[in-house]
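Chains as they are written, first to last, in our numbering: chain A, 1 to 156; chain B, 157 to 312; chain C, 313 to 717; chain D, 718 to 1122.
In case anyone wonders, no lab produced these hints; they're calculated from the structure.
Even for Gly, the Cβ is constructed at its ideal location relative to N, Cα and C.
Careful: at least some of the hints might be erroneous.
[What the hints assert, rightly or not] Dumping the calculated DSS-like pairs for lysine-lysine here, alpha-carbon to alpha-carbon at most 30 Å: (1) B:Lys188 with C:Lys571; (2) B:Lys247 with C:Lys388; (3) D:Lys1038 with D:Lys1086; (4) A:Lys113 with C:Lys571; (5) D:Lys879 with C:Lys571; (6) C:Lys571 with D:Lys1044; (7) A:Lys79 with A:Lys100; (8) B:Lys188 with B:Lys271; (9) C:Lys570 with B:Lys172; (10) D:Lys899 with C:Lys570; (11) C:Lys359 with D:Lys1006.
[What the hints assert, rightly or not] Covered stretches of chain C (in silico footprint by chain A; criterion: 3 or more residues with CB under 8 Å from a CB of chain A, positions within the stretch not fixed): (12) 444 to 451; (13) 597 to 608; (14) 706 to 716.
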Amino acid sequence: MDLKELYQEIILDHGKNPRNLRKTTNFNKDAKGHNPLCGDKVHVYLKLDEDKKVQDISFEGQGCAISMASASIMTDLVKGKEEHEVKEIVKDFLEMIKEKDKLNNKILEENEKTKLMCLSGVKKYPMRVKCATLSWHTLTSAIDNTQQEINSENID
Amino acid sequence: MDLKELYQEIILDHGKNPRNLRKTTNFNKDAKGHNPLCGDKVHVYLKLDEDKKVQDISFEGQGCAISMASASIMTDLVKGKEEHEVKEIVKDFLEMIKEKDKLNNKILEENEKTKLMCLSGVKKYPMRVKCATLSWHTLTSAIDNTQQEINSENID
Amino acid sequence: MNIENIKKQFPIFNNKVHNNDLVYLDSANSSQKPQVVVDRIYDFYTKEFSNVGRSVHYLAVAATNLYEETRSLMQKYINAKDPNEIVFTKGATEAINLVANTFGQKFLKEGDEIILTELEHHSNYVPWHYLRRSKGIQIKFAEINSEGEISLESIEKLMTSKTKMIAITHLSNVTGAILPIKEITRLAHSKNIPVLIDGCQGAPHLKLDMQEIGCDFYAISCHKMYGPTGLGILYAKKKWLETLPPYQGGGGMISEVKKDGITFGDLPNKYEAGTMATAQVIAFAESIKFLNQIGIENIEKHESELTKYGEEVLRKNNSVKLVGSPKNKGSVLSFTLDGIHAHDIATILDEDGVAIRAGHHCCQILHDKLGLSATARASLGVYNTKDDIDKLNESINKCKKIFNK
Amino acid sequence: MNIENIKKQFPIFNNKVHNNDLVYLDSANSSQKPQVVVDRIYDFYTKEFSNVGRSVHYLAVAATNLYEETRSLMQKYINAKDPNEIVFTKGATEAINLVANTFGQKFLKEGDEIILTELEHHSNYVPWHYLRRSKGIQIKFAEINSEGEISLESIEKLMTSKTKMIAITHLSNVTGAILPIKEITRLAHSKNIPVLIDGCQGAPHLKLDMQEIGCDFYAISCHKMYGPTGLGILYAKKKWLETLPPYQGGGGMISEVKKDGITFGDLPNKYEAGTMATAQVIAFAESIKFLNQIGIENIEKHESELTKYGEEVLRKNNSVKLVGSPKNKGSVLSFTLDGIHAHDIATILDEDGVAIRAGHHCCQILHDKLGLSATARASLGVYNTKDDIDKLNESINKCKKIFNK
Ligand SMILES: Cc1ncc(COP(=O)(O)O)c(C=O)c1O
Ligand SMILES: Cc1ncc(COP(=O)(O)O)c(C=O)c1O
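The shape of chain A in the complex, shown without the other chains (with noise of 0.2 Å):
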């Protein structure tokens, strides 16, 4: 059935209890998303250091199960990355669940893979897409540092 999939263990624990969800002291990088359909919010503070590493990331907001446990998984698997890497990492994401089979960066571990993809359920559910990446987008704005509030209406 497609909604065991979609509210999978891992989804539901990250969703219940989001990893870095709160504010990074001294971050260097931010943006805001906002999904005007649901209300759904997401800030995400970003420290990259020297290196353009990421220090510590962190996050804000509130939403569903899916966009709380992306956002949290997210921020879990991109610590201790450097700028390119993240970025790579996003891009894999987006495409993977817009719409290819699996992930092909060669950044993260399989295990990590593994994690990130629970989120694939959601590509049964196109209305709940956005919620699975409006972190993401979220997070390529505050690297980018482009300074526009990310609104999911305008992302696919």
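We have chain A already, so just place chains B, C and D with the ligands on it with the hints.
Frame of chain A; chains B, C and D with the ligands shown alone:
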């Protein structure tokens, strides 16, 4: 066939050679009428004498055969009548066009009524009723001196 | 017509959703359509189609008569004084925009005040917000009480000599509160303040009598009233339609057009610029007849019983929290589930064929006030039954199970 | 699809009018609907109905996808760059009002000039007239030549440094003149003047390529394009939709709503306030597919041949005077009959089942210019045949007989 009833010889004649199609000199009452849907326009001029008798009546305007014939016959028939009689004729005519089978007023002669009844063919053509009644409503407006242009959209 | 069998009149219920019977609890969003309405659209397009009002040929004449027949039917349905007080619009949203725009143009200036309530749908706020920007008017929000109701007093408190309009919902699409619109209108009129009622949720469920309510404007969504999409109705007192300037400009609403000036047509044309939603207007006559056949009193009774039953069932279900508990409540059941977000609820319910809505329901102000980012909402229509409520409850229990609650 | 058999796809032609076959020559007013479009409406309401965009349940998701599919289909049909350049409106009239209102708000001030033409429909004049009243702008009318055409020069002559918009019809609904819109757009853009095309009569008959034409705005009436009533489309370049303020306010078009301020959603939601004409948008996809199946080139060819044939036949009929004789002419045959008023013609033709329109066709300025209070107009659609033209001509002869001409 209904068309024959609509376009009787007498209508075609009055439509082609409308009587009283001019502007009364020294008129003391007048009013304009307009059908915004088809662009028909009529301007009715009245000259009442001291006894409130119609000394002269005329009209200017352009329109279809029905509207020209109706104004022509109308002006012919009310000439010489007293104001209150004119009002009664108008009322009677409008009721006939709307719902009644015949004219009930005691003012017009039988042959005059027969002439007027020629316009009753329009009953089968709801969209054309306004063509037949525009000048009559405008005459009422002139008598009542309402100073309001008759807009056939708002009469029925 | 037997209200127990009403579902049969709605062809949508012959279809399955995810292999389940459809339990449609999203009528506050849009109602389903009875067979007679769909048939009318079909027949009109296949046998009688023409544009109205403009041509004198047979089809055009027939269509024009049908179009005006709906106006008269609607006049009677809401007991308006005059058929020309019924203006067809694209929707309730356009109806409210029409009033805000034309009333604002003619009567509002900087510092003037408008009273809304915290219950308002965005469609009854954004149009007034435009006037705040363009004219510098003030918008005041009457506050809800702890039950999610708006009292007469909460509005009275805000009235000043600068109040130029009171624009309020008839029935909240979130808490279900039915506002004392007759009393509010009396009060407002005693100070010469006109009243606009957003009747989107009132019209499908409550008996309407414009002359008794006395309001100046009443906005209706036909698609929530078992009618076609793309159609709304503005009821407005004749004096207003005569006094206010026209709204959109185009064919059909003019009297004379010259290069240097234009005079406008009279009612009802003045506010119906361009080709209207002909087929929809004509089919909407069937929606009114459908409602008349059941009888709005029977609908009110049926829905009110269902709402009470729904409140009972959901109250008994621990971890469900109903949003608002107004004494006078229409057929809306909004709720939250401890620790489960509304969107997750909606997705899980949908799997069982239970269609509800999750989100802020275009009422962000209210959700901010309640400290909720989203709620789940089950809203009822004439076709719903106790069985639907039971299925809703079962599915809610499934949510709880999935989330280990 | 064989164009000779197209009539069979339109169920209306199975019906009789006054015991005669229907000869429908009023397509410029509104076109008849092919079976596929009516079926789509029926199926959507009976099997798939839901409001779009707001709920996450199955029916809502499906409806939303279908709704957006029409947007994409239309984008491709008119070769717009981006699907978000397609805005659904209530009709072409609303589309033009939307542009005039928002463009006027943001960019126009006293003394600014707008260029229209003497051919314009009231829907492309009244909205600009409002700005004359509210903002003090000037409206200039490019004059027709003796053929009833608008030349590039007649527009060039009026252009000044104060010209802020050129708003012109693609194809006159009276003379049938097809304007050189591509050349006019090039000229206008060379002076940084945006161009709005009233495409009501262009869209159903001519191949459209927004990127090739290059215009800034293009307004379309779906009901003239074999689609449902109550729907129009505004094509607008993305830069404009991003720059201009929103039009109507309501649900669905906002981003964040607070008591003291509102932020608006992005494209395409910004201009689609309130519940849209869901069923109509979804069914309009079938109209586009229908047109695609025949091929617009084939339609152009068919209609152009018919128009030529009609011109020939009517020219041969003495006492018929055609209104306008543009070289580049679309499928409209307006005419007068010596000594017989257009309304009388229409009534007599109707008796034979021949449906035409009589009046000023919402073009009073043009009729004033021509010194005619009313004209008769036969306008063609894809379903018309030479036989229809012959029947028109026969009925005209009957008029002449009745009036002893
Ligand atoms: C040239 C032209 N412009 C504008 C319109 C108005 O279109 P609608 O009535 O569909 O809004 C029409 C049709 O009536 C038209 O023919
Ligand atoms: C209370 C209320 N007001 C206004 C609206 C807007 O109505 P529409 O979307 O039909 O224009 C709605 C429905 O969405 C509503 O529930």
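Each hint, compared with the structure:
Our distance criterion of 30 Å between C-alpha atoms is met by Lys188 of chain B and Lys571 of chain C, whose separation comes to about 21 Å. Proposed proximity of Lys247 of chain B and Lys388 of chain C is supported: the alpha carbons are some 28 Å apart, at most 30 Å. For the suggested pair Lys1038 of chain D and Lys1086 of chain D, the alpha carbons sit about 16 Å apart, so the restraint of at most 30 Å is met. With a C-alpha separation of about 70 Å, the suggested pair Lys113 of chain A and Lys571 of chain C falls outside the 30 Å cut-off, and the hint is violated.
With a C-alpha separation of about 19 Å, the suggested pair Lys879 of chain D and Lys571 of chain C falls inside the 30 Å cut-off, and the hint holds. Restraint check: the Cα-Cα separation between Lys571 of chain C and Lys1044 of chain D comes to about 26 Å, which is no more than 30 Å; the hinted pair holds. Using a Cα cut-off of 30 Å, the hinted pair Lys79 of chain A and Lys100 of chain A holds, with the two alpha carbons roughly 24 Å apart. Between the alpha carbons of Lys188 of chain B and Lys271 of chain B the distance comes to roughly 25 Å, so the proposed pair stays at or under 30 Å and holds.
The hinted pair formed by Lys570 of chain C and Lys172 of chain B meets the criterion: a straight-line CA distance of about 29 Å does not exceed 30 Å. Annotation: proposed proximity of Lys899 of chain D to Lys570 of chain C holds, straight-line Cα distance about 28 Å (limit 30 Å). Distance check on the hinted pair: Lys359 of chain C and Lys1006 of chain D sit about 22 Å apart at the alpha-carbon level, within 30 Å; holds. A count of 0 residues in the region 444 to 451 of chain C with a Cβ less than 8 Å from any Cβ of chain A is obtained; the coverage claim is therefore unmet, three being the minimum.
Counting residues of the region 597 to 608 of chain C whose C-beta lies closer than 8 Å to any C-beta of chain A gives 0; at least three are required, and the coverage claim is violated. Beta-carbon proximity to chain A at under 8 Å applies to 3 residues in the region 706 to 716 of chain C; the threshold of 3 is reached and the given coverage holds.
Violated hints for the displayed structure, listed by number in ascending order: 4, 12 and 13.
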